[in-house]
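Residue numbers (our numbering), protein chains in the order written: chain A, -8 to 106; chain B, 755 to 867.
What you were told as hints is all true, and nothing was included just to trick you.
Short derived list, chain B residues pointing at chain A, Cβ under 10 Å:
(1) G799
(2) L800
(3) L802
(4) K805
(5) V843
(6) A847
(7) D850
(8) N853
(9) L855
(10) T856
(11) F857
(12) G858
(13) I859
Worth flagging that the hints you see were computed from the coordinates, not collected in a lab. Ideal Cβ positions, reconstructed from N, Cα and C, are used throughout, including at glycine.
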Amino acid sequence: NSKVIQTPRYLVKGQGQKAKMRCIPEKGHPVVFWYQQNKNNEFKFLINFQNQEVLQQIDMTEKRFSAECPSNSPCSLEIQSSEAGDSALYLCASSPGQGSYAEQFFGPGTRLTVL
Amino acid sequence: GDSVTQTEGPVTVSESESLIINCTYSATSIAYPNLFWYVRYPGEGLQLLLKVITAGQKGSSRGFEATYNKETTSFHLQKASVQESDSAVYYCALGDHGNKLTFGIGTRVLVRP
Chain A
-8 NSKVIQTPRY LVKGQGQKAK MRCIPEKGHP VVFWYQQNKN NEFKFLINFQ NQEVLQQIDM
52 TEKRFSAECP SNSPCSLEIQ SSEAGDSALY LCASSPGQGS YAEQFFGPGT RLTVL
Chain B
755 GDSVTQTEGP VTVSESESLI INCTYSATSI AYPNLFWYVR YPGEGLQLLL KVITAGQKGS
815 SRGFEATYNK ETTSFHLQKA SVQESDSAVY YCALGDHGNK LTFGIGTRVL VRP
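Chain A with its partners taken away, still in its complex shape:
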């Protein structure tokens, strides 16, 4: 069973508000991913890190979304000004490394509702 911890499990924000969610990867996993799963069950990769360094990210993330994985602190994903379309399940996953053999372990997700 995955030991990735995500908080909070549920988050409700008004349009224009900031929304911040956190992720503690499994111990010893230097690679962290963020995905968004919308109400149509479509997944979208947002960003991934190795330790504190960004490996890949999509354009959306560069605008209203920001993410970081500071040393010795939880990783976080923040939406600066929430929009209704941001309502989704945000999944954090961690991995022991990169490469074909590295499995991703998912947390339970943070369900964001933007009113």
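Knowing the structure of chain A, use the given hints to seat chain B on it.
Below, chain B alone, put in the same frame as chain A:
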């Protein structure tokens, strides 16, 4: 971009019947993607069911199996005899070498006792 298409659910089967969930992929970012099946059981998080990283190989787990077919760009999931505990949502996914995953929309499977 990369994409994954899988059987639209829900799929309802009776216990001890066979199950097949079709999955086809299109990989534009990488010639030989890694292929995965993830599963989400009721009330639980997403977890890896099986993976195959080499074309032509078969992966298996918990009685499920899937073969990486590069010619047909398919990775169908099969089980010969399902149990009620197999009721879940199954996701086909492909991964690039940076491990970014592209998922299908999931197939909900309901197994009747």
